[in-house]
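We have chain X already, so just place chain C on it with the hints.
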Amino acid sequence: MNLLINILTAAVLAGTPLLLGTLGEILTEKSGNMNLGVEGMMFMGAIAGLAGAYYYEQGVVGSGGTPSGIMAAVVALVSSFLVGAFGALIYAFLTITLRANQNVTGLTLTIFGTGFGNFFGEYIGIRAGGYVAVGDNIKTAFGRLNIPVLSDIPILGKLLFNYNWVVYFSILIAVIMAYFFRKTRVGLNLRAVGEDPATADAAGINVTKYRYLATVIGGGICGIGGMYMSMVTTSGVWVHNCVSGYGWLAVALVIFASWHPARALIAALVFGGLTILRLYLKIPGVPMQIYDMLPYLATIVVLIFTSINQSKENVMPKGCGLNYFREER
Amino acid sequence: MKKKFLCVLLSAVMVAATLAGCGGSSDGAADSAAEESTEEGGDEASGGAGIAKEDIKVGFVHIGDPSDMGYTYNHDLGTQEMQEALGLSDEQIINKYNIPESSECDTALRELVDAGCNIIFGTSFGFEDYMVEVAKEYPDVQFCHSTGYQAKDAGLPNMHNYFASIYEGRYLAGIAAGMKTENNKLGYVAAFPFAEVISGFTSFYLGAKSVNPDVTMEIQYTNSWNDPKKEAEVAQALIDDGCDVISQHSDSTAPATTAEKNGVWQCGYNADMSVAAPKGSLISPIIDWGIYLQEAVQAVIDGEEIPADWCQGIDSGAVYMSPLNEDIAAEGTQEAIDEAIEKIKSGELQVFAGPLKGVSPEGEEFEVAEGDFYPEQVEASAPSWCYIVDGCNVAE
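Sequences listed follow chains X and C, in order. For the first sequence, the numbering used here begins at 1 and goes up steadily by one. For the second sequence, the numbering used here begins at 1001 and goes up steadily by one.
Isolated chain X, as found in the complex:
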């Protein structure tokens, strides 16, 4: 029982950055933009979040005050969102306004973002004397929450009410997004833009505006996923290549979740669980390399199933990957 709880909590923690990257990409793809730069935007968000928290702390300490953990968390959240959104803005400008090829631009954004993150990470490190580390208050702010009463409930407390705040924040985003797509007029418009931009255009929807906004906000959410890596996983220490391929896993998870934010919750939990499974559950005779393959095997299996089972509902938005040019109608 204890083992199961441990596996589940570790799976949630491992799955959260994946969830944020996946949600950002779902929002982007729903508008018809296939942005393969998730990895890059996560890197940009990772360094921006750490830099925000670090410089906020330096500023406050420099002027003789005590840095507040909550303020640092807000600064990290906002700066990672903004810088992730900035990466997506470059992509949006190139693909929407200039109609550059989406795949190529996305791949370039990945390379750019990786370099951006590592360059500034090292730069800040060198300026700080070889090593960036945030102080205790900020570490605590990104540590486990201890909600009075709730966290103390046996089993349920550890299972539900004992994570860091980013976990709850990401679940909240998933819920809001699910509601937004299903229940709001704007969400319906956005889906229409992604499915068939020409028809949406004819119906009076501003395709360019929708695509820009969805892509930029989606990029910001990916950036928050990056912040999770630098602030929670490595506890506010910049480590070279800290995102290390998780952005790509998020792109695969979008398919796994069949473009549904609510399903992304389950998909991220399953993926997170598969990545940590071997640390908890040891089956004698099964080498650890087999365990490490599991997330990727699962992706292949899901891809096979989704391609066999072509329901109208669970497929990629029809307009996704294609640039919209009004004059070509």
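Calculated from the structure, these hints are not laboratory results. Since no wrong hints were added, every one of them can be taken at face value.
Calculated Cβ distances over 12 Å to all of chain C for the following chain X residues: (1) Ser151; (2) Glu195; (3) Ala202; (4) Leu265; (5) Thr299.
Under 7 Å between C-beta atoms, here's a sample of chain X residues computed to sit facing chain C: (6) Glu122; (7) Tyr131; (8) Thr234; (9) Ser235; (10) Trp238; (11) Cys242; (12) Ile276; (13) Tyr280.
Ideal Cβ placement from N, Cα and C applies to all residues, glycine included.
Same frame as chain X, now just chain C:
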């Protein structure tokens, strides 16, 4: 037309910025060094006339960069120590950071040779094969590889291995862990099932056992020298399993910060990790690479030979301990460690002393008889103890 131009321009900006990012990871000195390389052929043969101090160029290939606050950071401190002691200018040191253990290492080595380096240090285990190959082609350049084992048998006068008896330091850290643990259960974040790692965790365990006979240890592999996310996850799994002091053979501070987050303790490696985790990190054994680097570079300057294998330990200061974190360490820890240091120095204490029984990952059994000891890092600089002893539980 205008839009097309803008499109090309923006892409170009992105590519240029990316390149700038990559360039930033290796030392800027590489550029200026490359320009001068044509003048210096590196004609000096090893063991010959030597080379003027002002003309020597020293190259490094690192798997990470100093921001890891662990292995590479510490090795870089050794570089600075050597540079200061010998009075070399910044242009004479060329660092290649973040080089993976793949053909990129080969490229990096050749770039360093092209840049005119007279002596090149490779600091990660997996670099050795590439270094041996490049060393064959450039007999005038000295190649020094840490943690490796091939120099002795390679038959190349310009290939050398170096390391320090870190197992002595691990043993001392184990004492701190053994005195601190409340559950009598230690956890170890290990990189690969190699002798270097097994020797490290065995000595750590033996140190803990010397002060706490009931202690056991859980070991999990990350299969990577430097993967902070994995290291944090492994540390968390060990803590969930009931381990309350974590140690590591991996490069980043993630195990230290994870231990701190969970209110348990940690013994580091390669750097004083109490900077990253002031409430979690007890003590760390550290290698002072500067001693060897200085000797080796001085040997090239003097035209003398560098030994094929170099290994020193706690008695010469090549291995030392970070200051004990008195706020969290158990009472009497410092005294116990000091006593053990004296005994190691006098030769009274041998870490791998019999009676000791172990099984290698391949199933080979090995026994050290009572009164005898295993000569770790005596015949070669690389650790060779690869037997898992009773009390150590490895998750395969």
